[in-house]
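Student: Residue numbers (the working numbering): 20 to 744.
Calculated from the structure, these hints are not laboratory results.
Treat the numbers as computed from the prediction; the structure is a model and nothing was measured.
Check each hint, because a few of them may be wrong.
Listed next, with one range per pair, are the computed distances between beta-carbon atoms [stated by the list, open to error]:
no.: 1; residue 1: G318; residue 2: L502; range: 43 to 53 angstroms
no.: 2; residue 1: E322; residue 2: R429; range: 47 to 57 angstroms
no.: 3; residue 1: F465; residue 2: G317; range: 16 to 26 angstroms
no.: 4; residue 1: R588; residue 2: E680; range: 51 to 61 angstroms
A virtual CB, placed ideally from N, CA and C, is assigned to each residue, including glycine.
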Amino acid sequence: MRACGRWAAMICPSADAAPTTSDPLELWGGLECTVVRVGDTYRDQFEDTRHAEREGDIDLVASLGIRRLRYPVLWETVSPDHPDTCRWDWHDRRLARLREAGIAPIVGLMHHGSGPHYTSLVDPDLPAKLAVHARRVAERYPWVEDWTPVNEPLTTARFSGLYGHWYPHGRDPGVFFNALVHQCRAVAAAMRAIRSVIPHARLVQTEDLGKTFSSPHMAYQADYENERRWLSFDLLCGRVVPGHPLHAELLACGVPAAFLGELVSQPCPPDIVGINHYLTSERYLDEDRERFPPFSWGGNAFESYADVEAVRVHLPDADTGPAARLREVWARYHLPIAVTEAHLGATRDEQLRWLREMWDAAVAVRTEGADIRAVTVWSLFGAVDWNSLLTARSGFYEPGAFDIRTQDGRPRRTALARAAEALARRGRFEHPVLDGDGWWQAPTRFYNPPAATRAAPLVGRARPVLVVGNGRLGRAFAAACGLRGLATEMLGRDRLDPADAEAVRAALEALRPWAVVNCSGWSGALSADEAPEQVWRDNVTGTVVLAQACSDLGIPCTVVSSDQVFDGRLQAPYRESHPVAPLGLFGRSKAEAERAILGTHDNVLIARTGPLFGAGEPDMVRRAVREVVRVTGLDVEGDLVLSPTYIPDLVHAVLDLLIDEAAGVWHLANEGTIGARDFLDRMRLPSPGAPGGGRSALNFSLASERSTIMPPLGEALERHERMSA
């Protein structure tokens, strides 16, 4: 990366402009639609998220009340092989469906792409070639008013021309600057072509405009990056003239003066400046790189330094966050603004908090007089492998307003969908998890925490999650809630007997939890048959009493059940709809508890698990396997197939489902199977002994016909082994 000296003050903004609309702030939607080239391979997010197969997705978007949607007619998908050979059928159906649903598309033509194989970001003819595609799209869909010919030109140029992630995999300022200028020229050329067909067409130009902060020594690099971040908008607005801080460097890096002159003489200012803001957008640079993790180490031509997320550094005097960035955009350009991507790949509570923060920032800056038009809930159907910037095919999925990991192919609404619907229809949404702070506001986020930071107590100012039971599983739930900024109350048997209806009702009314997780079932060291009355009281009476009280008060409740409700004879993974047929008392008690509450309590989530592991008590694994062996009469050596459940994965999956208001039976075992002997070996535990003989091999493995939300078993075992090392 090239380093430069300090830059002069910002270019003066254009003539003052006042907001032109008194309409409420709108909620727009967007689908992750990148078609990116890595080497000679293209990957399409619509294929990865299977949106390409699901025409019903448009109806799901419409059900949220969203009436404006970022949607692609990407060049690579229309004319992948030859510029004169076009494939319109898929796009015709989708845009017609959008129109029927009353949704106005903001049509994108290139989204982090480099175009079809017959062009590239460093092709000087890219603008003319894209203009041909743009005109064809406008002629085919002349009713479309809003357009984004090229998404995030500067970001795409950085990833393709400076960092080498995407084609043409450049790592040179010359490649970067030429790729950026070609994309901006392509935007202008495309809009001229579109407006020749649709004179009133609007340009919604998107870019990530995160700011860079730094130590005093690295201020020169931060100043450079903070000037460079405006370059796509400055080019489109015709501001890159002699005297612009980057004009000379553009020429020195091989950008033809004629191309810069073209953008000055034929500017194409956005009708709406689209800001895509992420938690990783704001950066911090520090030459003392040893204070930060090695993966953050980089540098410029002169020295090395750490480059980390600004939210992970204590910057008490810095003006950070989305509101600050929106104010900067308004001050610099005085053009209408929309937040065109608001997304966070995280737990559901954090996704809700981030959407609220983006919405509140837009409302606040709009109230100050800026013309803020909308906030866009992004990745409505999630995104795949963005944790690797699409350079690896690991299948890492981040859900959005809808979770596509369902077995029936119909995306499942998440809490983010309900939040989007509330914002679209009423301009506000509420949820108890919003009482807590996001991880980016917690003192635990810092790489180098200041001496006097501590978390503000949640108790007393937030409705809690009530965890009933303080055993290994209850403690894991309480710890997970703490990590996620969720207020928690944990009541062990010494404070609450779940089978005591009066005590349960009193506790619920006093604590006012928004959700209850029942971890109080029997888990003694004795076999179930040696304590039948206690097993039945813990697993049936207590479960039913607590679930009934939660139902009466309208409180979502989770009950942890077991694979032991089955008899193992299926010889295939059990799914939620398979009939129960328990072999022993423990399994019968769990099955009876399920039967007693299913169909009568709509807000109860039953989480069936395999043998639990990963809570710091390794012998619990051996006890669980021993109980199955005792009841079935099997020899553990190769006879018993299981789907173990990694407790850290379980607790986070359950909390997400609770926030989503999911109910009914869910199989929450890690995806995959393992023999009991191999499982014990991985846990470094001896065999519990077995009576041997008698029965054929039994299979207690679990799979889900609802949704595959638990990580693969092999990956979970590896994480457990790393944590235990």
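Student: Is it true that the C-beta distance of F465 to G317 lies inside 16 to 26 angstroms, as the hint says?
Tutor: Distance hint for F465, G317 holds at roughly 20 angstroms.
Student: Do the Cβ positions of G318 and L502 conform to the proposed distance bound of 43 to 53 angstroms?
Tutor: At roughly 33 angstroms between Cβ atoms, L502 and G318 fall outside 43 to 53 angstroms, so the hint is violated.
Student: Cβ-Cβ distance between E322 and R429: within 47 to 57 angstroms?
Tutor: holds, 54 angstroms
Student: Given the range 51 to 61 angstroms, decide if the beta-carbon distance of R588 to E680 lies inside it.
Tutor: With Cβ atoms ~35 angstroms apart, the hint is violated.
Of the numbered hints given earlier, the model fails hints 1, 4; all others are met.
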